[in-house]
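Add chains W and C to chain Y, keeping to what the hints say.
Residues per chain, in single letters:
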Amino acid sequence: MGPINWHTFFFYLYALVACGFAVAVVISTSIVRMALYLIVALGATAGLFFLAGADFVGAMQLMIYVGGTLVLLIFGVMLTAQGPLVSLRTTGGDWIVAMLLAGCLAALLIPAGLTVSSWHTGHPVTTAEKDAQDVQTVLVSTTIAHGVPTAGGLPDADSNGIPDKQPITAAPLGMGLLGARVDKLGDVPEALRPGMSGYLLPFEVISVHLLVVLVGAAYLARSKRRAPNR
Amino acid sequence: MAEALANYLWPWLAYLSVGLLQCVLLLLVPFVGAMFFVWVERKVSARIQDRLGPTRCGGKFGWLQLLADGLKLITKEDLRPGDADAVLFRIAPYISFCASFAALLALPFSNGWVAQNLDVGVFFILAVLGLEVFGVILAGYASASKWSLFGAMREAAQVVSYEVPLGMCVVVPVLITGSMNLVTIGQMQAGFFTQWLVFHDPFTFITFWVYFTCATASVNRAPFDLAEAESELVAGFHTEYSGFRWLAFFMAEYGSMFAVSGLAAILFFGGWNGPIPITSMLGLTPENGPVLAWIGNLLGLFNFIFKCVLGVTFMVWVRWTLPRLRIDQVMQVCLKYCTPIAAVMFLGATCWTYLLPGGVGLRAMPYAQRYVTSAPADAAAELDRIATTRVARGGE
Amino acid sequence: MQILTQSVGVSHYLVVGAVLFISGVVCMAVKRNALGVLMGIELVLNGANVNFVAFGSKFLRSDSAYALGLDGQLISLFVIVLAAAEAAVALAITLNFYNNHSTVDVDRADELKG
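Chains as they are written, first to last, in this note's numbering: chain Y, 1 to 230; chain W, 1 to 396; chain C, 1 to 114.
Mixed in with the good hints, there may be bad ones.
[To be verified] If you anchor each label on the Cβ, the simulated ranges turn out as follows:
1) Y:Ser223 to C:Leu82: 19 to 29 Å
2) Y:Leu214 to W:Leu322: 31 to 41 Å
3) Y:Ser207 to W:Tyr354: 20 to 30 Å
4) Y:Ser223 to W:Gln49: 37 to 47 Å
No wet-lab data here; the hints were simulated from the structure. Keep in mind that this is a model prediction, so the values were computed, not measured. Glycine is no exception: its CB is placed at the ideal position from the N, C-alpha and C atoms.
Next comes chain Y alone, as it looks inside the complex (with noise of 0.2 Å):
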């Protein structure tokens, strides 16, 4: 038996935990229960972000998703959890029906992702890719601390299981939604040459709809007179 890798460790504890509470969102009964479950879901995501190199995205997820629309979400439960509207149950029939619907689902799903082959196992980053990086890091900026060498992060060419720097993503994120893609000034296969924009564009976009989100939500969630009870 070879030694443990923690990478491997980890990814095992957060997919189970993401996935066990996921389905525990699913069978249980109150609503409140069900706010927490998947508090503790999407956490274990962003765990599997910062695995899997995408630190940006996890601390995103944890600010954005999990700090700000969980909280909105347990807001609009702690407004309206009161007496029965605590646990509403669902009949037998319509259980099944989507039991069929989750099988259908599953078995289209589950063997799609494990068609491919190259997909099973990891990529453990080589000498000439390590350069790679360096040079990279170097061109991207000369003011960024290029990996500072940490207990975590990527997977290495060791193989021993502990990974070797740190993946920098913000800066090339930051400068991938301006437009300029910074992060593909090497050599790219002529299959994902096309892909190479930025996307300056999908981010002007989606500010102007967050205004418009933040104005309708704002107006829909006024306060007035409240009905009385049925």
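Same frame as chain Y, but now just chains W and C:
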């Protein structure tokens, strides 16, 4: 540290033990910090109120009082209200404590002494500090008491609202240094105290004060402590908590105060760099060997902890000086004062960095040459360095 | 314990994403509480995000040149932002419904008259 240990043990065991050691060291921060800050609070509040504070337990300064209080809290009866949701009631304090502890994971205590050197360190700390609100909401709901729920809702609204100006204030030092990596931001403030970002331009100076206000509101300290207002809601969301669970909430609060003070210290006050660069003057730098570098880092640690304690003491001082704000006043301060001021400071700092990139006076140097550490002065030299070291290593 | 020594690939992440997605769909189908349906939507979007991040990671597949790179992460950032926006509007609608009908039971939302 872990790579050095990996030469002696199996690598996976080396990383496990280093990880556990870092966790234990970081757990000491809320535990010891809470005790110390409780003592500071009692003494400072006593002096402000023209009395003495604890003087009997442990001699003139009463420092054993904290130990006595800790023992009392641990040995208290484990109560739970009858209507309370059992699981949620029990788990709520630990959620707050975990959020507060996780924020310390990305906080550098000295140059390179950080549990996880995340490239998005600033963002991560802000994100995790915002998760503390879940413990509060769950505690308020699970206590099955109207007043607890009110306190919890107010606190949640306050924390979430103040995340906006807090984020904008934090973005100003990130903008000036160009990195979200906290170790890099600290390294860029090496040198005399004039290199500290708080003295970089007037906008950053004002941003520090707005940041401190928002941070105080974010950890629910007075004058923004309506959620725990003793005179109004008994004790707010932690009314029904006693003994060790209350201690967990308490440690979470002081741990968060330490974390936001630490963030202010690194972002604005140079982190582990002292006002005078004694470590580089005395030669306690990495070029002179690992032992001297470690001693230099230890001095940096003392610097950092001193700045954090100063920040927390300042929060304690403000608590016992200013009257409490009403919830509508709290929201007003956030939306009508902090957020616009933070936005204007952000704009001002952007314009300042664009028009005067090297700074003014003592700071009038190009960015790339100002840094004492290993940031390369130009790309070509750095690429050569990489090539020669790879060749020298024999392509391993 | 053999399983802990092998490295993790894109397939593992896709299975996790599939489980999250399926839980979300079942949650949307089964829950009577409008907020429960909203939680299902969040799970669905997170399942999709896990897939995007997995495809965008250079370290989870043996042919790393074909990874999406930062495209995967950028798309998942947009998904997170859109999910937050849509959760805000959905909650506003749910609260409006609650204020008008004093219930969040979706089975009672069967009339067009508000």
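Hints versus structure:
A hinted range of 19 to 29 Å holds for the C-beta pair Ser223 (chain Y) and Leu82 (chain C), which are about 27 Å apart. Checking the proposed 31 to 41 Å range against Leu214 (chain Y) and Leu322 (chain W) shows it holds: the Cβ atoms sit about 32 Å from each other. For Ser207 (chain Y) paired with Tyr354 (chain W), a C-beta distance near 21 Å keeps the hint of 20 to 30 Å intact. Distance hint check for Ser223 (chain Y) and Gln49 (chain W): the Cβ-Cβ separation is about 41 Å, which falls inside the suggested range of 37 to 47 Å.
In this structure, every one of the numbered hints holds.
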